[in-house]
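Novice: Sequence:
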Amino acid sequence: MTVAEALARVLVGLAGATAAGWAVSRPLVSGGPTRRERVAALTRREGVAALTRREGVAALTRREQFAWALATGLLLQAIALLLLLAAGIRPSGFRLLLLEALAAMTALLAYRPERESSRAALVESRIGGPRWLSATLLGVAAAAWLVFSLESLGDGMWATDFLAFWGYKGKIVYLTSALPRRLFQDPALYFAHREYPLLVPLSLASLAAFVGSWHDEALALLYPACALATLCALSGFLERRVSRLAGASAAALAALCAFLYKAGNAGTAEIPFALSLVLASSAAIDWLESDSAAPRVAWRLALASLFCATLKQEGSLFVLLLAAAVWLRIRGTGKRGLLGATGLVALAAPALAHWLVLFALRGNQTRRDFDFTLFAPARWRELPALFALVAGRFVRIGWTEALVPIVAIVVFFLVTRRGVGEPLLPVFPAQVFFYAVAFTVSSFDPLYAIDGAFRRITMTLFPAFTLVLCSREIR
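Numbering (this note's numbering), first residue to last: 418 to 892.
For the record, the hints were derived by calculation from the structure and aren't laboratory data. We put the beta carbon where it would ideally sit given N, CA and C, even for glycine. Check the hints yourself; a few may be wrong.
Under the rule of at most 25 Å between Cα atoms (straight-line distance), these lysine to any residue pairs were calculated in the SDA-like manner [as the list claims (entries may be wrong)]:
hint	residue 1	residue 2
1	LYS679	LEU563
2	LYS588	LEU778
3	LYS588	LEU514
4	LYS588	LEU775
5	LYS679	THR875
6	LYS679	ARG810
7	LYS679	LEU499
8	LYS588	HIS610
9	LYS588	PHE608
10	LYS679	SER860
11	LYS679	ALA576
12	LYS679	LEU515
13	LYS679	ALA870
14	LYS679	HIS610
15	LYS679	GLY780
16	LYS588	ALA576
17	LYS679	LEU516
18	LYS679	ASP868
19	LYS679	LEU514
20	LYS679	VAL420
21	LYS679	ARG512
22	LYS588	ALA527
23	LYS679	ALA605
24	LYS588	ALA825
25	LYS588	GLU706
26	LYS679	LEU775
27	LYS588	THR817
28	LYS588	ARG512
29	LYS588	LEU515
30	LYS588	THR523
31	LYS679	LEU778
Just the calculated beta-carbon pair ranges, DEER-fashion [claimed, not checked]:
hint	residue 1	residue 2	range
32	GLN602	THR790	53 to 63 Å
33	ARG835	GLN602	49 to 59 Å
34	LEU791	GLY869	40 to 50 Å
35	GLU799	MET418	49 to 59 Å
36	LEU791	MET522	49 to 59 Å
37	LEU519	LEU800	44 to 54 Å
38	PRO712	LEU500	41 to 51 Å
39	TRP716	ASP788	31 to 41 Å
40	SER860	VAL564	35 to 45 Å
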């Protein structure tokens, strides 16, 4: 099979997943106020468009809908693969498409939006700057994405993390048409990180079923697709909530993040994980900005939480920190109590449920990467020195490699005022702090671990951080 044929088959797999994801996620991302909300608005002599903006449940832009559709589709495709494996049926592209089509038809029959609602929910875009500048920035983002795509497809997937665990697990699942328990129980496979979530390996195995073979170059198409969805989610959300210029600026900044969008990250979980963080952050902002706990937004929070948790372990940490930020924001507001708890449950419950499923599947997993005996009272005195060593390394890396961006971010904060994403700002330094704690209790040399992983894992936060950054308004 030629590379072109393999790429075409992977594209079919991604398109099928996205189409099914659009059908299933449509109730969460489209439609305006419900009939009851419209009647209440008319009673108060309030326009439906004003109600839509005030409630924070406006129909998402088409770019956002594409991002949510891809994320939902990847989850559906992984579930379809697991169903086939559980039934002892060898997965194929046709069988996966059949299950995805069944899920899509069920969703389409179950949800029929009202015509008035969909007409009233047209997104009102705010320009917020010269059109030519927005178009130029979007052109920069598109060019950077195209370069990353060509590099990824031309270079294949060769990263150590791909060879050792993400691709290794996916290849085993595809070749054996099973989810062998030895992936979680064989001590000889400790290098494969048996404790890691499985969405990336399952997605690679699913796409390989469309190709009919394990084709590294073609499977790399997953990563440009996730990068495109990330840029679409950024530009679409900020255009809807802030301005078109803000959306274009965020897309350009994220696309130019060379530490994240590079060929060496194809095959890992970093690029899909960056998409999940953007979706979770945008859903959290929508929920905080709505005057009541809109069910659609709460469900989006839950979907984003599940997507984060199934990609990387730190995804569960991020959504828990996000839940903490939400709780701090709603203290003393009208959302406190049952309504406030809705958002917190929507964030925490999917991550907890995912952990319980994995625990039932693989049992308790020991982490050889970390020396948790350092948390024992007898060794507490060792922690400050180790943490200082890690923090010092962080500062040196930032000073030599990120001084200019850091200064630019500080200046930007000084010339702008609070935006809709401000409540989420503490989540990002808190995530980095817990990364520092993890490096502190590393079983290996902390400096070696930092040099090998710090840039990669922190850069996954950058697209979501640009969403918060570009939500600020010029003074």
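Novice: Please go over all the hints and tell whether each is borne out by the structure.
Specialist: Hint check results:
1. Distance restraint check for LYS679 and LEU563: the Cα-Cα separation of roughly 11 Å lies within the 25 Å cut-off, and the hinted pair is therefore satisfied.
2. With a C-alpha separation of about 19 Å, the suggested pair LYS588 and LEU778 falls inside the 25 Å cut-off, and the hint holds.
3. A distance of roughly 20 Å separates the Cα atoms of LYS588 and LEU514; the hinted pair therefore holds under the 25 Å criterion.
4. At most 25 Å may separate the alpha-carbon atoms for a hinted pair to count; LYS588 and LEU775 meet this at roughly 19 Å.
5. About 14 Å separates the Cα atoms of LYS679 and THR875, which keeps this hinted pair within 25 Å; it holds.
6. Between LYS679 and ARG810 the alpha-carbon distance is near 24 Å, which keeps this suggested pair within the 25 Å criterion.
7. Restraint check for LYS679 and LEU499: not satisfied, since their Cα atoms lie roughly 30 Å apart, outside the 25 Å limit.
8. Taken as a hint, the LYS588 and HIS610 pair is honoured in the structure, with Cα atoms around 15 Å apart against an allowance of 25 Å.
9. With a CA separation close to 15 Å, the supplied pair LYS588 and PHE608 stays within the 25 Å bound.
10. With a C-alpha separation of about 29 Å, the suggested pair LYS679 and SER860 falls outside the 25 Å cut-off, and the hint is violated.
11. At roughly 11 Å between alpha-carbon atoms, LYS679 and ALA576 fall within 25 Å of each other, so this suggested pair holds.
12. In summary, the hint linking LYS679 to LEU515 is not supported, as the alpha carbons are separated by about 34 Å, beyond the 25 Å threshold.
13. For the hint pairing LYS679 with ALA870, the CA-to-CA distance comes to about 15 Å; that is within 25 Å, so the pair holds.
14. Restraint check for LYS679 and HIS610: the C-alpha separation of about 23 Å stays at or below 25 Å, so the hint holds.
15. Note on LYS679 and GLY780: the hinted pairing is violated, with a Cα-Cα distance of about 35 Å set against a maximum of 25 Å.
16. The hinted pair formed by LYS588 and ALA576 meets the criterion: a straight-line CA distance of about 15 Å does not exceed 25 Å.
17. Taking the CA atoms of LYS679 and LEU516, the gap is near 33 Å; set against the 25 Å cutoff, the hint is violated.
18. A threshold of 25 Å between alpha carbons decides the hint, and for LYS679 with ASP868 the separation of about 17 Å falls inside it, so the pair holds.
19. With a C-alpha separation of about 30 Å, the suggested pairing of LYS679 with LEU514 is violated against the 25 Å cut-off.
20. Taking the CA atoms of LYS679 and VAL420, the gap is near 21 Å; set against the 25 Å cutoff, the hint holds.
21. Proposed proximity of LYS679 and ARG512 is contradicted: the alpha carbons are some 33 Å apart, above 25 Å.
22. Pair hint LYS588 plus ALA527 does not hold up; C-alpha atoms about 36 Å apart against a cutoff of 25 Å.
23. Between LYS679 and ALA605 the alpha-carbon distance is near 31 Å, which puts this suggested pair outside the 25 Å criterion.
24. Taking the CA atoms of LYS588 and ALA825, the gap is near 43 Å; set against the 25 Å cutoff, the hint is violated.
25. Proximity of LYS588 to GLU706 is assessed by CA-CA distance (about 43 Å); at most 25 Å being required, the pair is judged violated.
26. Proximity of LYS679 to LEU775 is assessed by CA-CA distance (about 30 Å); at most 25 Å being required, the pair is judged violated.
27. Between LYS588 and THR817 the CA atoms are separated by roughly 39 Å; this puts the pair beyond 25 Å, and the hint is violated.
28. For the suggested pair LYS588 and ARG512, the alpha carbons sit about 19 Å apart, so the restraint of at most 25 Å is met.
29. Proposed proximity of LYS588 and LEU515 is supported: the alpha carbons are some 23 Å apart, at most 25 Å.
30. A distance of roughly 31 Å separates the Cα atoms of LYS588 and THR523; the hinted pair therefore is violated under the 25 Å criterion.
31. This hinted pair does not check out: LYS679 and LEU778 have alpha carbons roughly 34 Å apart, beyond 25 Å.
32. Remark: the range hint 53 to 63 Å for GLN602 to THR790 is contradicted by a beta-carbon distance near 24 Å.
33. In this structure the supplied range 49 to 59 Å holds for ARG835 paired with GLN602, their Cβ-Cβ distance being about 51 Å.
34. One distance hint, 40 to 50 Å for the beta-carbon pair LEU791 and GLY869, is violated here, with the actual separation near 20 Å.
35. Separation of GLU799 from MET418 is about 55 Å and conforms to the stated range, judged on CB atoms against 49 to 59 Å.
36. For LEU791 and MET522, the Cβ-Cβ distance of about 53 Å falls inside the hinted range of 49 to 59 Å, so the restraint holds.
37. Range check, LEU519 to LEU800: Cβ separation about 53 Å, and the 44 to 54 Å hint holds.
38. Distance hint for PRO712 and LEU500: a CB-CB separation of about 28 Å, inconsistent with the stated range 41 to 51 Å.
39. Restraint check, TRP716 to ASP788: a C-beta distance of roughly 40 Å satisfies the suggested window 31 to 41 Å.
40. At roughly 38 Å, the beta-carbon separation of SER860 and VAL564 lies within the given 35 to 45 Å, and the hint holds.
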